[in-house]
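Trainee: Construct the entire structure; sequences and hints are all you get.
Chains as they are written, first to last, in our numbering: chain A, 3 to 271; chain B, 314 to 584; chain C, 40 to 367.
Quick caveat, the hints were computed from the structure, so don't treat them as lab data. It cannot be assumed that every hint is accurate.
[As the list claims (entries may be wrong)] Cross-link-like lysine to aspartate or glutamate pairs, in silico, DMTMM-like; alpha carbons within 25 Å at most:
id, chain 1, residue 1, chain 2, residue 2
1, C, Lys193, A, Asp9
2, C, Lys193, C, Asp213
3, C, Lys193, C, Asp225
4, C, Lys229, C, Asp253
5, C, Lys193, C, Asp166
6, C, Lys193, C, Glu219
7, C, Lys229, C, Glu258
8, C, Lys193, B, Glu404
9, C, Lys193, A, Glu97
One-letter residues, chain by chain:
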Amino acid sequence: MRSVLSDLDLYVRLIGASVRSQMQYRLNFAIRAFGDSLVVIGDFLPLYFLVRAFGGLQGWTLAEIALLYGMVETSWATIEGALWGFERFGPYLIEGRVDRWLLRPRGVILQVAAHWFEIRKLGRVAQALLVLGIAIWVLRLDGRGLAWVATGIAGGTLFFAAVVILGAATQFWTLGQTAELQNMLTYGGSAALTFPVSIYSTWFRRIVTYGVPLAFVNYFPALAALRRTAAAGWPAFVPWLSPIVCLGVLLAARAAFAQGLRRYESTGS
Amino acid sequence: MSFVGSVRAYLQFARCAFQRRAAYRLANWTGIAVNFFFFLVHAQLFVALFGTRGTVAGWQAAEAVRYFATSEALLMVLGVMSTQTGLEFAERVRSGDVAVDLVRPVRLWARYVAESYGSAAYYVLMRASILYVAAVALYGLALPLNPEVLLAPLSIALGVAMAATLMYLASASAFWTEQAHGPLSVLLVAIFFFGGIAVPLDFYPAPARLVADLLPFRGAVYTPVALASGKLRGVALLFGLLHQIGWLGVLVLVAQRIEQRGAAHLAVHGG
Amino acid sequence: MIDVRELRKEYRVPRHHRGAWGAVRNLFEPRSDIVRAVDGISFHIAAGEFVGFIGPNGAGKSTTVKMLTGVLEPTAGELRVAGRVPRRERIAHVAHIGVVFGQRTQLWWDLPVIESYELLRHVYRVDAGVYRRQRDRLVDLLEIGPLLDTPVRKLSLGQRMRCELAAALVHCPDLIFLDEPTIGLDVVAKETIRTFLAAENRERGTTVLLTTHDLSDIERLCPRMLLIDHGRVVYDGALEQIRRSLGRERRLRVDFDGTAPDDVPDHVEVEERAHQRLVLRFDPDRVAAHDLITWLAARAPIADLVLEETPIERIVAAIYRNGLPEQQ
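Mentor: As C-alpha cells, then:
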C-alpha cells in the first residue's frame, strides 16, 4: 500500500514537471490548444449533419449517437493526453532514454506513464464532455444511466491505455515501423465506435466484439444506459463484462510490455 | 537561373520526394491498412444509414460508398491526411536551414509544391490504386463511366497544388512564431470539415454548404474526389473547376507575398 | 564492491543475404552469427577505488558497464555489485549507484536545475534532511549555486556537466559510473570536474568507475586502469607500470642551425625529417640520451632540442594494435 501511494506521489510530481515544461512555451501552447479544441467540433459536426440528413440511424437518434461519441472520445482524448510517453516510445527507445529509466529505482511503466502529459489534449476532453453533457441532458438519463456512462468511460480509458501500452511494447521488436497500426485501433476505433456496433456487417461486428473487444468500450455500456441491451439482442450480463474485459486487455498489455523490456535487457539496443 | 534549369530543379525535388516515400515500404503498407479500415467504417455507415432508402440528398448508397473509396484512396495523394510534411517544412524554417533555400534561386513555395507532386505520384502508384481496387472488389462497385471523369486527373492535380499551398501557408507561420503545429492543426480541421473528407458536402445544411463552397478547402478534397467518383457533372463540375483554379491563383499570390515577407523577416532576425 | 568473473555477453546477429533473391532466403533460411562483445572478463574492484576503463570503440567496455549497471543481462559468468546481482535485483542495485552519460542528460530540459534535483530526490526516495545537506554540499563543491534557477537548456556544456554530476550524486550513491564526462569540455571545466571527482573519492570513499578516451583523465585520477579490447581485459593495473614497461621509448626533437644530418646512429628511428629538423625515437636502455645528442651535435650545430617521454596515447595505441607484450 505504501508503495502504491509512493508511486502515485511520484506520478503526480513527474506529471507536474511535464506540465510546467510545456507551459514554458506559452504562446505555442495557446495556439496548439486552440487548434486541438476545434478538432472535436470538426470531427463531430459533419457526422451530426449526416445523421440529421437521414433522420436517424437504424433506430438510433442523434442524441444517442452523440452519447456514444462523447463516451469514446472522452476516454481516448484522456489517454492521448495522459500516456503520451507511450506514444513516443519508439523514438525514446532509439535515443536510449529507456536505459535512463532502467537506471532509476522505480518501475519503468510508471516512469513512461509519468513522463509526459500533453495538457493541450485536455481541451479535447472538455469538448467531448460537452457533447456528452448535451446528449445526457437531451436523453434525460437517470442515475443508473449516468453510472453506466461513467463505467463506459472508465472502461474505455483502460482499453485505450492498453492499446497505447501495447503499441509501445511492440516497439521493442519493430522499432517504430508499425506505429500506424496503433492508429487503426485508437483513431480508427474511436471513429468506428461513434456509431452503434449493430450497424456494421456481420463479420465486422464479430471482429469488433470477439476479436478486438472494441464493442466493450462504449457500445455495451451505452446499451445498458439506454436500456436497449435486450432490444439489441444481448443478454443482460454482457454490459457488466465491459470493465472486466477492458481491465483484462490492460493487464495483457502490461505483460507484453514487461516481456519486451526483458527482451531489451538481454539484447540491448 | 534559366527556365529550363528551374524546371529541372523542380523535377529533381519531385523525384527526391518520391524516393523518400518509397523508402518506407512497411510504413506504407500499414498506412494502407489504416486507410482501408477507415473506408470500411464509413462504407458500412452509409450502407446502414441508407438502409432501404433510395436517394438521400441526391446520393444513392453505392455512390456514397464509391465516394469514400475514392476519398480514402486519394487522401495521401492530395496530402491532406497529416501535418507531417508541413511540420518538416516548419522545422526547416525554425532551424534556419531554409535560409539556404531562400538563397538559391528557387521559389520555396514552388519547391514545396514540386515535392508534393513527387510524393503524390508515389501514392497514386502505391496507395491509391491498391486501396481503390480493394474497395471496388470488396463492394462490387461499378466504376464511374461518365465522360466527366476524364477531367479527374486535372482536378486532382489542381487539388494537390491547392493542398500544398495551403499547407505551405500554414507552416510558413514558422517564419514568425517558433512552431507551426497550431496553424497546421487548424488547417487540417478546416480541410476535414469544409473539404468533405468524411461526409460529402451535399449532406451539409444549406448555410454550412454555402460557406464551404466559398472557402478554398473544398478544392483540395471535395471537388477532385466527387469528380473522380462520378458525382460531379454539368454546371456543378464547371463551378468546381473554376473554384479550384480561382482559389489556387489567389493562394499562390498570397504564398509569394508571404515568402517575400518571410525571407525579409529571417534576414532581420536570423534563423 | 564489484566482483566480476568470466563475464560474457554474446549477441545473435542475423546474417542478411543480399539482393532480391536474398530477401526471400532471409525468410526461409535465417542464419545468424554470434558476436562476442564481452568474452570472459574478470576483475575485482574494492570499495573506494578509482578505476579507469579504457579501450577502443567496440571493445566491449560500454557493454561491460551496461551489465554492471544492470541495464543488460550477461550471457554467462558471475557478476556481483555490493553483493547484489544487478539485473535480478535491479531496484535495490540501482538505488545505490549513480550514472553520468557524457552525451545524454538526465536533467529535465526546460525546467530550472534545482527542480531536477527535487524530482530526483523523490524518485530515489531520499529523506528531506539528508537530501538538503547533500545538495548544498554538492552545489558548493561544484560551484553551481548561481545556476540553480536556470533552465537546463540554457546552460553551457561545462555548466551542464557539473549539474549532471550533482544530479547523479543527489541520492548519496556508494558507486558511480561515468561515461566520458569530460568530453567536449574546456580546460577549466575539466579541471573542476576532475578535482571534484578526486575529492569525492578521497574524502567520501565513493567508488568511481570512469570510462574515457581521454588519457589525461586517467593520468590525473585513476591509480588503476582496465584496458579492454576485443571483449577481454588486456591490462589491469597502474598506468605507471605500463609506462615503465612499455614507455621506455624516448622522443627527441632537434632543430639544427644548418641542414640536418643524413644518417643516424644504430637503434635510432627517424619519425620525422625536415630540412633543418629531425624527430627521433630511441630506447634509452640501448642508446643513452646524452650520447645521441653528442653524436648529433658533432655533425651539425643544434639550435634547439626537446626530449620527451612517449606520450601515453602512443603506448595505449600500441597495445590496441599489438596487445600486451610479455613482461620481462
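Trainee: Evaluate each hint against the coordinates.
Mentor: Now the hints, each set against the structure:
| no. | hint | result |
| --- | --- | --- |
| 1 | Lys193(C) - Asp9(A) | violated, 31 Å |
| 2 | Lys193(C) - Asp213(C) | violated, 31 Å |
| 3 | Lys193(C) - Asp225(C) | holds, 18 Å |
| 4 | Lys229(C) - Asp253(C) | holds, 11 Å |
| 5 | Lys193(C) - Asp166(C) | violated, 30 Å |
| 6 | Lys193(C) - Glu219(C) | holds, 21 Å |
| 7 | Lys229(C) - Glu258(C) | holds, 13 Å |
| 8 | Lys193(C) - Glu404(B) | holds, 20 Å |
| 9 | Lys193(C) - Glu97(A) | holds, 21 Å |
The structure is inconsistent with the numbered hints 1, 2, 5, although it conforms to all the rest.
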